[in-house]
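Assemble the dimeric complex from its two separately framed chains, guided by the hints.
Protein chains in written order, with numbering that gives the first Met the number 0: chain A, 0 to 890; chain B, 0 to 127.
Heads up, a few of these hints could be off.
What the hints assert, rightly or not - BS3-like mimics (lysine-lysine), calculated; alpha carbons at most 30 Å apart, straight line:
| id | chain 1 | residue 1 | chain 2 | residue 2 |
| --- | --- | --- | --- | --- |
| 1 | A | 636 | A | 570 |
| 2 | A | 653 | B | 72 |
| 3 | A | 831 | B | 88 |
| 4 | A | 89 | A | 636 |
| 5 | B | 88 | A | 661 |
| 6 | A | 789 | A | 661 |
| 7 | A | 661 | A | 831 |
| 8 | A | 570 | A | 653 |
| 9 | B | 72 | B | 2 |
Read the hints as simulated data drawn from the structure, not as lab findings.
Owing to the predicted nature of the structure, the values given are computational and were not obtained by experimental measurement.
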Amino acid sequence: MLTFNMLVLACFAYVAFLFAVAFLAEKRALRGRLGILRSPLVYTLSLSIYCTAWTFYGAVGYAARSGLEFVTIYLGPTLVMIGWWGLLRKLVRIGRTQRITSIADLISSRYGKSNLLGVLVTILAVVFTTPYIALQLQSVTLSFSIFTDGYAKGTAFWVAAGLAVFTILFGTRNLDIDERHHGIVTAIAVEAVVKLIALLAVGGFVVWGVAGGPGDVFRMIEDSPISTWKMDQSRWVTLTFLSAAACICLPRMFQVMVVENSNESHLATAAWAFPLYLFLMSLFVLPIAVVGLNVLPEGSNPDLFVLTVPLAFEQKGLATLVFLGGFSSATSMVIVAAIALATMVSNHIVMPIWLNARKGGATVSGDVRNVMLRSRRIAIMAVLALAYFYYAMSGGGAALAAIGLIAFVGAAQIMPALLGGLFWRGATRLGAAAGLIVGFAVWAWTLFLPGIGEGVLISSQTMAQGPFGMGWLRPQALFGIEGLDGVVHAAIWSLTLNTGVFVALSLLSFPNPVERLQGAEFVNILRYSAGARAFSPGTVDAEDLLMMSQRILGSAEAQALFQSVALEQGKEGYLPDTTSAFLERLERELAGSVGAATAHAMMGQITGGSAVSVSELMRVADETAQMMEYSNQLEAKSEELGRTARQLRVANEKLTALSIQKDEFLSQISHELRTPMTSIRAFSEILRDGGDMEPEARARYSRIIHDEARRLTRVLDDLLDLSVLESGQVTLYNEVTILGDIIDRAIAATGQNASALRIERQPLQERLVLFTDADRLAQVFINLIANAQKYCDADTPVLRILVRDNKQHAVIDFIDNGSGIPSEDQALIFEKFSRLGDTRASGGAGLGLAICREIAARLGGSLTYVPGQGGAAFRVTLPRRLTNADAEAAE
Amino acid sequence: MAKRVLLIEDEPNIIEAVRFILSRDGWSVDTHADGATALSAVARRVPDVIVLDAMLPGRSGFEILRDLRGDSKTADIPVLMLTARGQQKDRDMAARNGANRFMTKPFSNAEMLACVQELYAATQSPGA
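This is chain B alone, in the form it adopts within the complex (with noise of 0.2 Å):
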């Protein structure tokens, strides 16, 4: 079965950006767009790697995450946060709420993938 990433984000060129770099590299892409139902596409389809953004219409990034890690279904699946303000306390909020890593935009392309890479490759290992 395919490796699956959500990638929750609204801005519809980054999206596309995203998902060219993820499924060359062989991984099914999901998207969702609205952070106020991001939680239910989290559910409906339970995906092995989150990308999200921090800034979302309706709700912010960093609230979904504490959802997220609150419900026990969800808790495990790693996140790598996104965010276009780069500020400290942006990441500080981000590891706060327990995001597996952080990434400001503009990221290079080599380093998405291999981020991903890496979180999955996590969650595979013994242990775990």
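The shape of chain A in the complex, shown without the other chains (with noise of 0.2 Å):
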């Protein structure tokens, strides 16, 4: 025998491969290098979490005591993969267009973005989900206890623990953009390599080890009691349906089949790549179940044939291959399977409530994203915690092994919902609803809660009696209706009440405005992917926008996504014209993190609540393919001139504000130069005509006579200067420095220990090599400090100067705490002479921010200003061309 230790030390050095393989795959593609990463063969391979250790043992078992019946299990996914392709096309497209993050997510967004559907299919989830957990703590307990002689104490305490964190380190290590977990997926498509090759190793020594050849095998199947089963035809029927709905259904195989779709095409390779899979997964079920009813003594658990077999014939290697592929089909899926209940909790129950909380909305200060890591980390502990004391209650005895098909029937409650959205517009929130909670409730009291075990949860009596003696509702028994195998009997009765419920009501009642829109765009959705527009533009502030955007995506992305919207509708800068289009595009984005109910709430709370406009409804009035597509060719058209106008509108507001400027210019220059004059002139008067003065009256006039005259050359330089650097024959002294050291310099120029103004930096992130002008560089800085030091209007002001390094810029933030600049100023600041509020309290021309304009872009850059920052921003991009000969020029 193996010792547990060495086990312990095999399930390690498997454990740390799996995560080197993780991070490697997650550094690939945060490089941008998906290669294989994005193949289908990973995409294929990681749909095999359907494959957990219930069946890599089990079906073993299953086949011992009911012969072929374990076909069923992986007959369902072969006829969904093969048989209805399109089904899944449908929905791995409406996954990627609408940003679905999950099962619970798909229902909600469907039904008219209705949070109380993402509720319910995520309690639904958590409960079937949980015992299904609680069953592979088992399975690779009960394997441990193979090798060590019963000896596994603690074991699933650990696995637990253990899978908790793997799963929080690669799971939720950032909000991605698009729920996609690069590192996890490939872990697991390892994973499912691991497991075919141990069960493929088990079968050939099966067949030509023990055995004499496929000859012997199948004459010993004839022999034995499998080649007597009787196939009934009402449980193969049920079974092979729900493990069909339960291949798209469960949680899991969703995350692994929609959410982590990065290519639709990687579909057609899965429809027969799958089955294949299967079908190799299922080879050598048969013959390893009769080999061991043979060889194994009398009352072994069949369900561990897999493992025993091998150990019986002294086969330590193979049986160590045996139990990692064991260990691996329980790992991956409670990986997976964590993952997508703690995004579905996350973005469905604490998501809402913490927006709730806070009254001022999304809008209001904290990072979103932290709140989401943080719960999300959290509902994947709890989610395992919860599955190991399900698994310590129920003592791990046989009756977990009845909870994967009471799972099965759990997830299929969906099924009815999910279809009926995506095939019938006529499907409704109501009926969606109510059809769960029927289907949810007639599951647990038909096979739930007497799956946990008799007496347990319900008493002996009530099973045998019904509730308070009502015989009609006996638990396995419904109205009466005996002799029906348990699952059978519950499936049928809780999928046709489901059925019938969800289509009444549906009937019954009429779908909201945005339902419909959902509606006809999941039902349409392989049509026209036009999108639907739910928002009427124009009364919403790009700026608060772009706030509540920074702190769900982040605020590198967030302003990404904004400028690059801004650019395509012609515009400079971070805040694009709010547009139907774009509302539509960011709430899309936003419900890749958080959810398409929570998108849709917090833009709502943006924009004023503003549902659905007239014209929107009769563009989905409009049924005919005809009128769809000319109207989609007008609305082209029409935002084509809508761009250019704006462009246009844009120029000729500028040429307008030119001219005005010009006449401003020589105003404002000649207003600069002639007030210091007056000053210098009324006082040169005054001591000239001399007459009785005090001395110190004489000394002061004399230094005014001076202060102003130095502020008249200063006026002078700047205006020099300016039109040097406009003109372009400045000249730039171009050296390798670092940025931290021109920070210093530049703080120490603005009298810094003077000012209540309190800096913050970062030390690390300054130490970048530059090659630039250093004093140009400076001079810009200085401005900008001293801008904070003039106008921060805080009660403690403190500016931030923030340094990212994007590879090829250097991006440098200065952020103070003050109010900021109104947003109808901003585009103003750049230019000549503009100086808002009080003017002579700043003591400047209003040349400084257009000259530092002018620098940054004569050094290859650009200084921006960034709304939304909770105060004034100032942004200073520098390009990073920093060649070898230029570092070895630094030594």
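Structure representation (structure tokens):
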């Protein structure tokens, strides 16, 4: 026998290997080199989390007990993959266009972004998945005890804890905008290979090593009781249907099949490759079962034949491989199921509560992303803890083994709402919710609660006579219909009632506008993918939207998104026009992080809840494809016209502003020069005229003349500086410098010590080597710091200098905590002589930012105002064109 | 009672210069630097002459002048307008809004003093 310690060691080595795989995959994905990570092969292999430890070990036991019935578990998915390819394609297309994050999100999104439905599906999923995870813990513990003669104390706990850590590390490292986890998917693909190889190896050993080849095996099957097995048609059909439904509706399957899918065409490969995988997984099930029954002593657990047969022949290496295969099956299922559940819990339960608890809605401060990540981590731990307690309470007995099918029936309850939602525009939220509740209740009463074990939650008396003696409510014989198999009975009743209520209430109720839109969108997804417009534009402030998006998507991502949209509209900066197309797109981006219902609610808060306009509803009412086509073309045309008009408008505004500016510029110069001159002339005349004057007064007046003369010089210097910069005749003295040193110099030059402004810096990030004109750059920094000193109106003014290096550019943000610059003035501040508010107090000519912007442009970068940062925020972007030669010069 | 002049101007050095020039001539000089509250400063102590800068923080001198002329209590106070921009446009605007005199910065001290004196004298002459 292998020792317990060696087995633990093997596990650790294997897990470390998976860690490495996941880590490398993440790193590759981060660098954008997806390559094989995005191949249809990895996608297909990741689908294999369908085969959990329940099928890995249990299929053989199933075959030993009920003959060929185990095939149904593989038959269902095969039929779906090959026969109902269209449905899957539809699902994946919807998943991508609507940025669906989970099965709960899909249902919620389809039925008018209803969070009630999201919550319902989430609760249902948690209830049926938790015992399923417990089953995986049990299988790992059992397989452990086989090796160690029953010694496996605490294994389940450590496995649960270890999986929680792994899942949190790779499942919630960051909030991916599209909810994809490359590391985990790759690790799962590797695990899929391991379990397949393990089963094939045992199969080969059994057929050629134990029996004398295929012929022998066939003879043994003929002789065994398995050959006398008779097909129970109702069970056969039901189980096939259930496994087909589970293959779509189980949260973990939905996660890998739809959410993690990166390319629709992968489905085409998976359509034949995944059934092939299932076929190979089931190929040796019968031989192993038969040989096990023949070779092993009477009464050994057939569920563990895969492991005990090799051990009986002293094949330790093979047995360890099998153990790792089983371990893989269990862990991969647990990891993906935990991620899927955590996403659902955080998006549909935690986020809505958190948003409601905060009166200000999504625009209040606080990083929503942190809340989300934390809630997901806690949810993962909670799910695994729950599963562990379930395992510990149920005592790991035989009752758990049945949970696989129980979970399948639970998952199948989502099927009516899902199919109805995809193919029937008349399906409504009310129908879906009622159907789900009814199906859920019947499932819990007839299968789930009895399944936990007779006498645990339902007394044996209730089982035999119904609650309160009402015989027609007996859990395993509803309405007095007896003699059906437990699973068949539960599946038929729960699904019939579920579907019946769903259809009836859908027919009786009317969908609301958002439901209509989403319904049309989902049902017709493959025909035309024009977006449904759910917001009326124009009433929204782009800056509010940016503020909110930054909290959810992260500031860099949100700014990039806003900038690119603005660019498409022909505008510069970070604030695009809030067209309905833009709002639409933004909502989908947000939905990718927080789910459709929450994203819709957040956008609703900001857009003033403006739901759907009449013209939008007209669009839905238009049924014919031609109308659709025609209006799409018109829309594209008017979109184009709109874009041109927008560009023209901007250009026109600029021209008008320019001519006003020219006049303004001349009178500004006049003003800036004449004002100091006035004081100089007046006081010099006073001094010239003499008269009796205190010596102190005389000295004072001379000083004023001197100060004003200097002020005059400064204005002239600035003007010259600007004209040189603008004409492009400036000479730059580029050298290799450290960014931090330039900032040091700038702070020293502003007389920072005497000022109330506190400066927060990032010394580590500032150790950035630049090849630039240090004096000119310092001039920019000095201006920005001096501006913060002058204009930051906070009680305790703080200026944060943040440095980011994205390889091509160094980005330096100067963000203070004052009241910032109103959005109508944001474009103005870079103009010459523009000063906001009290002009004299500033003491400058209003040329600073104009000069800084010119300098930044000459240095190959830019100076922009970044809205929505909670204060005035200026961003200096510089090129990072450091060659090796530059670096050597620095030595 | 001393002749009172109210100087509405926001450049501290110019304020000091004008105050020196006028007070040496026996004027009592009040000053006010904020355009937004200039009207109430005038109402508080109605001066004999007002020297008003065109570019003020909060409110432009032209607007203040228009309101002064609109109010019967202040409509007759002589106003000397100052501007550092010195374009014809400004000059016209001052005349349109009812300025008695207009001066471009920089001005000569003697000219400024003479101007204020003349404005004051005009209010004292019979028939005014």
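Verification of the hints:
Taking the CA atoms of residue 636 of chain A and residue 570 of chain A, the gap is near 19 Å; set against the 30 Å cutoff, the hint holds. With a C-alpha separation of about 45 Å, the suggested pairing of residue 653 of chain A with residue 72 of chain B is violated against the 30 Å cut-off. Of the supplied pair hints, the one linking residue 831 of chain A and residue 88 of chain B holds, its CA atoms being roughly 21 Å apart against a limit of 30 Å. At most 30 Å may separate the alpha-carbon atoms for a hinted pair to count; residue 89 of chain A and residue 636 of chain A meet this at roughly 29 Å.
Distance restraint check for residue 88 of chain B and residue 661 of chain A: the Cα-Cα separation of roughly 15 Å lies within the 30 Å cut-off, and the hinted pair is therefore satisfied. Taken as a hint, the residue 789 of chain A and residue 661 of chain A pair is honoured in the structure, with Cα atoms around 28 Å apart against an allowance of 30 Å. Of the supplied pair hints, the one linking residue 661 of chain A and residue 831 of chain A holds, its CA atoms being roughly 10 Å apart against a limit of 30 Å. Among the hinted pairs, residue 570 of chain A with residue 653 of chain A is consistent with the structure: their alpha-carbon atoms are about 12 Å apart, no more than 30 Å.
Of the supplied pair hints, the one linking residue 72 of chain B and residue 2 of chain B holds, its CA atoms being roughly 18 Å apart against a limit of 30 Å.
Figure legend: structure checked against the earlier numbered hints; the only hint not met is number 2.
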